[in-house]
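Asks: Sequence:
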Amino acid sequence: MGQVQFQVVRISPWVKRLIIINVGIWFLLQTLLENLILPEPYITEFFSFTPRFTVEYFFVWQPFTYMFLHSANVFHVLLNMISLWFFGSELEYRWGGRFFLTYYLVCGVGAALIYFLGVVATGLVQGAEPAVYGTPVLGASGAVFGILLAYGILFGDRVIYFFGIFPMKARYFIMIIGGIELMTLLNSGVGGGQVANLAHLGGLITGYFYLLFWTRWQQSRWRGGKGGKGRRNLRLVVNNEDKSDEPKYWN
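Sequential numbering from 1 applies to the sequence shown in this note's numbering.
In case anyone wonders, no lab produced these hints; they're calculated from the structure.
Possibly wrong hints are sitting among the right ones.
To be verified - Simulated DEER-style distance windows between Cβ atoms:
#1 Ile37 <-> Val120: 19 to 25 Å
#2 Phe27 <-> Thr102: 34 to 40 Å
#3 Gly179 <-> Val9: 22 to 28 Å
#4 Leu105 <-> Leu36: 28 to 34 Å
#5 Leu117 <-> Glu40: 26 to 32 Å
#6 Gly179 <-> Phe64: 25 to 31 Å
#7 Met175 <-> Arg223: 28 to 34 Å
#8 Val8 <-> Ala131: 39 to 45 Å
Even glycine gets a Cβ: it sits at the ideal position worked out from N, Cα and C.
Produce the complete structure using the sequences and hints provided.
Replies: Quick look at the structure:
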């Protein structure tokens with residue numbers, strides 16, 4: 001192995017834009033306008049993802065817009081944006097901006113839809129409307145979990161610090177994070193606690209199947225005679241980093 005490198009990833013263009021948008025909305029619209037000026041939390045009400053509003057009032061934009069809002073807790077937006085910066089930038093440099101942005105948004109929307117299906121299923125099993133049917137969900141975590149999944153696939157041998165202490169390969173880090181989310185969901189249910197664990201898992205699931213189907217589609221194009229482009233895009237899900245690419249450690 002080569003010498004261990006400690007470095008901060010150079011932020012990529014779309015990651016920078018997404019961070020500016022998320023932090024700007026959180027600070028200007030939610031923290032200042034909504035909390036200090038508006039008499040009611042209209043921004044959260046209209047643009048977070050509330051299953052009841054989406055179904056009964058046709059707020060069909062909410063599965064998209066919710067990922068640009070965050071709670072009043074600064075650590076919510078801070079953790080999501082740091083994760084997006086560290087893990088998302090390398091993906092954008094590998095994939096290019098267009099595919100990265102598409103993947104990010106698809107994971108966010110997919111996380112909301114999977115959460116919605118979980119809420120509906122809970123109501124059918126219980127025979128009554130679950131409390132979370134009218135509870136807003138907000139935050140970029142679903143999309144960020146999709147980013148983590150892709151990072152674990154493409155850069156699985158990279159070493160990161162779990163809780164800032166325990167070094168481990170990225171693929172195992174993602175497995176542990178996913179396992180924690182699953183166990184929390186099983187213990188608390190869809191509506192338990194203050195965290196939408198099912199939406200986090202929804203981001204992982206959406207990211208996995210998006211990459212799976214994309215890769216198979218590219219393989220079929222390659223076999224159909226478009227070898228150059230198809231061969232290049234196969235790198236989406238294969239950990240084929242250059243041997244000179246040293247491990248990077250995150251604190």
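Asks: Looking back at the hints listed earlier, which ones does the structure fail to meet?
Replies: Those not satisfied are hints 1, 2.
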